[in-house]
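> Here's the letter readout for the chains.
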Amino acid sequence: MADTPVIEARGLSFSYPLTPVLTDVDVTIPRGDFVCIVGPNGGGKTTLLRLVLGLLTPTAGTIRVFGRPPAEVRRRIGYMPQHVLFDPQFPVRVRDVVLMGRLRNWKLGPFGRADRARVLAALAEVGLADYAGRPFAALSGGQRQRVLIARALACDPELLLLDEPTANLDPLVQDEMTELLRALNARLTIVIVSHDVGFVARHVKNVICVNRTAVRHAAHEITGDSIRELYGHDVRLVSHAHGHAEGGAHSR
Amino acid sequence: MEFIEAVRQQPFLQTALLTGVLSSVACGVVGSYVVVRRITYIAGGIAHCVLGGLGAARYLAVEHGWRYYHPLHGWEPLHPLIGAVVAALLAAVIIAVVSLRGRQREDTVIGALWAIGMATGVLFISKTSGYQVDLMSYLFGSVLMVGRDDLWLLVGLDIIVVGVGLLFYNQLMAVCFDEEFARLRGVRVEVFYVLLLCLTALTVVLLVSVVGIVLVIALLTLPVAVAGHFCRSLWQLMVAAALLSMLLTTGGLALSYGPDLPAGATTIVLAGTLYVLTVIGTRLRARVRAA
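Chains C and V, in that order, are what the protein sequence lines are. Mapping to the numbering used here: the first sequence position 101 is 101, numbers consecutive. Mapping to the numbering used here: the second sequence position 96 is 96, numbers consecutive.
In isolation and in its complexed conformation, chain V is listed as follows (with noise of 0.2 Å):
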């Protein structure tokens, strides 16, 4: 009650809730090709390639001096969250580029990636004057500091990854169910699998702003992994997900407001939380049935 009364009252409450419905519908679309085509992993590597991303931008910015175009404000300082997006669509088409050639051990990459991504973002952070500590709220989330003029970049990312994964639903469904398949019934299955993950990487931007690069892939998972015992097809384990992280982020905003907990590691226990207790209820459901 008392955080329904500050959310009436608190700009930045609203537009933290409304991040977190924002990201949730990406989350669900996206989340479940991420969860059946089991690239978990993946989502992991470029969700911390995204701090390099974001100091690589910081650095331009405060150091050199780089600019981008707001449409409502004009020339401002380079923002954290263009360098993000920058980040992670490079190291989704890294990833993808190495996984379709076959050359090197996928999961060395991977993992070589998602290290050096996050170094090259803390060297770039030190190298910059003055303290980033907006920065290093990026690690854990930083939800509430979500500005009113950050919304749009979000609202643009959201249409583009939700428009472009339902869109080429019945694509992207074939090459995470039968690959092989696809590509007999003349489907492009190596674009569609560098849209995946380019898609995954967008979504990985947007939930950063919610629950921070560490936390990203609970997020990205774990409604889908809930809704995934009551779902009998991939369109209503992406409503019943997106749904869920709904839920979730606005669960876990409410529950950290009173006490002053983060609010991304909040969200994050609650879904771990809600996941687990799915878990034991299936089991004993299916118990019960047998007995």
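The following block holds chain C by itself, in its conformation from the complex (with noise of 0.2 Å):
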């Protein structure tokens, strides 16, 4: 089933009540895809993630991850939330976040070795692999964001989705986080939400602009200008449907 796309949206709607959020979106993401998802805050981004992993419900329409129900494929996905509310007071190594990629429903006990080695090399793949035994809370940002990847790889997924993986990277690491993303896109699907816009350009295959609805563009049409205007364009329209915005913001 090489052909069935690992995401596919048909006339797909969500509303909160009295606020629509997305409405009428038709996406297509074949697999091998490395697509950006781009657009301003409240334009319904992190919306389209959640109907992906099932979190949600459309309204209406339908969204189909690997051709089925999206909370039947969410162990094929590998998730990276933007943020993790976490307690910094919460006692939990760098090992145990990522060990939490491993974990299934009613498996008893300790996890096994080939578990703790699978988390090793995911922690390795993010260049962390010195950090195992150090508290979660004690990294910076930028880090704890590469933990939560490894913990995404970690889920041994076909398909990868990161929302604002590059957002508290310093340059240097940004680079390499390209390159990670890159080579891993060799054998997964990525999906990730970015705002960063040097980064769309450079290195993904393809963008879709979500604003209440989605477009989609190959990556080699969209230069920076073109991008900016899009987004003045949105912002535009953003401030025309203030309701509308600010209602996409609950959805975080």
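Just so you know, these hints were derived from the structure itself, not from any lab. One or more of the hints may lead you astray.
Said to hold, decoys possible - Here are the computed lysine to any residue pairs in the SDA-like style, where the Cα-Cα straight-line distance is at most 25 Å: (1) C:K107 x V:L60; (2) C:K107 x V:K127; (3) C:K107 x V:L166; (4) C:K107 x V:I160; (5) C:K107 x V:V93; (6) C:K205 x C:E8; (7) C:K107 x V:V189; (8) C:K107 x V:G163; (9) C:K205 x C:Q89; (10) V:K127 x V:R188.
What the hints assert, rightly or not - Label-pair distances were calculated between CB atoms; the ranges are: (11) C:G109 x V:L277: 33 to 43 Å; (12) V:T273 x C:A129: 48 to 58 Å; (13) V:Q9 x C:A137: 21 to 31 Å; (14) V:Q104 x C:T62: 26 to 36 Å; (15) V:L247 x C:T62: 51 to 61 Å.
Stated by the list, open to error - Residues of chain C clear of chain V, computed beta-carbon distances all greater than 12 Å: (16) E8; (17) T19; (18) T23; (19) P91; (20) Q143.
Cβ atoms here follow ideal geometry from the backbone N, Cα and C, with glycine treated the same way.
Mind assembling these two chains? They're in different frames, but the hints should get you there.
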């Protein structure tokens, strides 16, 4: 079934009571794609991700992941949230966080040797092999983000969803991250949400602009200028429809 | 020294010590989950509902002749602790449902349940013939009144709580740390949340025997709070909190024995003192390092 798209949305709409967030979205993401979702705050980017994960139910239309309803195929998706609302006093080491990627519902007792090895490999991939025993709370924002990417990789996913993976990274680490994502794209389909226009133009294959509805472009069609133009246009649109923009922001 | 001699001679003191040690294990394991998930207030609500269960069980036993089957002694009048277990589990399930459905303000419901549980207990006790002084002593602890025959119930509860709490360690920890991610890995988050509250309920019943309803929250959280300053992972926290809790319950019993003080209250004051000293100690150490 190599032809089944990884993600396929048809007429997808989602609204909170009184506030539409996404309206009539059609999106197809084929296997092996490297897509960036861009758009203004409150435009529905995170809502789209949550629909793909099956954490939200569409109010109209359909969404299929690997040709099936999202909730059935969650275990094939590796997800990195934008933030983990975590308690800085929570006693948890880096290794423990990444091990959560190996979690199963009814498996009793401690993780096995294979799970531990997979976790160390995932940490090595994001360049944090030496940090396995450190307290998670003691890491910098960028390091924590990489730990969360390692957790998503530890799931052995076929689809990687990353919400703002470059937000907290300094330029040097961003380059490393870019290399990492490129290498991963050889074996996985990757969808990221990003505000980083430069990143979008240089590295991804396709761009999906989300603001109430979604438009897909090939990345090479997009220059920095045209994206800025798009944002400018979108921003005006948002200021016209203020209530919608705020409603969308609640979805985060 | 006088205390050690007394323990050697007095079976009721041995039972009290054993009760403290047993419940400390559950206290360390479940208390850690309660503290990191920040549901101390829920534990408090459950604890106060226990009085309703104690009162109802005694009422049914005295006024209506309800019995239960004791594995060693056969049929006996309904034990108050059985009522406590039922009431605590019921409270846990109600709070879990309210918090998962999210239609009501959770803290309002917990507060209401807290008071209603106590009030129900008071009503049942007032309608039971005879003066039920032993039930009222559950408010502030009655570890010296735990009989040899009660121990089997406490041992059973302890094994269940610690066993389940450790077997599902990974799932419970994930639900405490990042519920959404756990859900995405296919973990039945709601089921484990209900399970966590039920474990909390059973632990509360264990601890009620040691320090009483009113003081339970302190014993559930203070050892964890102290241990939290020194632990890097959740299982280390559990081990350290359990050991600390053993130290505190034993210490409380020993200190209270000579001057004939209430053991439960002594234990809690001891735990509170240790907590305050730890906080001051960590602050001072941080200041010395910064200087």
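> Any hints this thing doesn't respect? Which numbers, in order?
Hints 1, 2, 9, 10, 12, 13 and 19 are the ones this structure does not satisfy, whereas the remaining hints hold.
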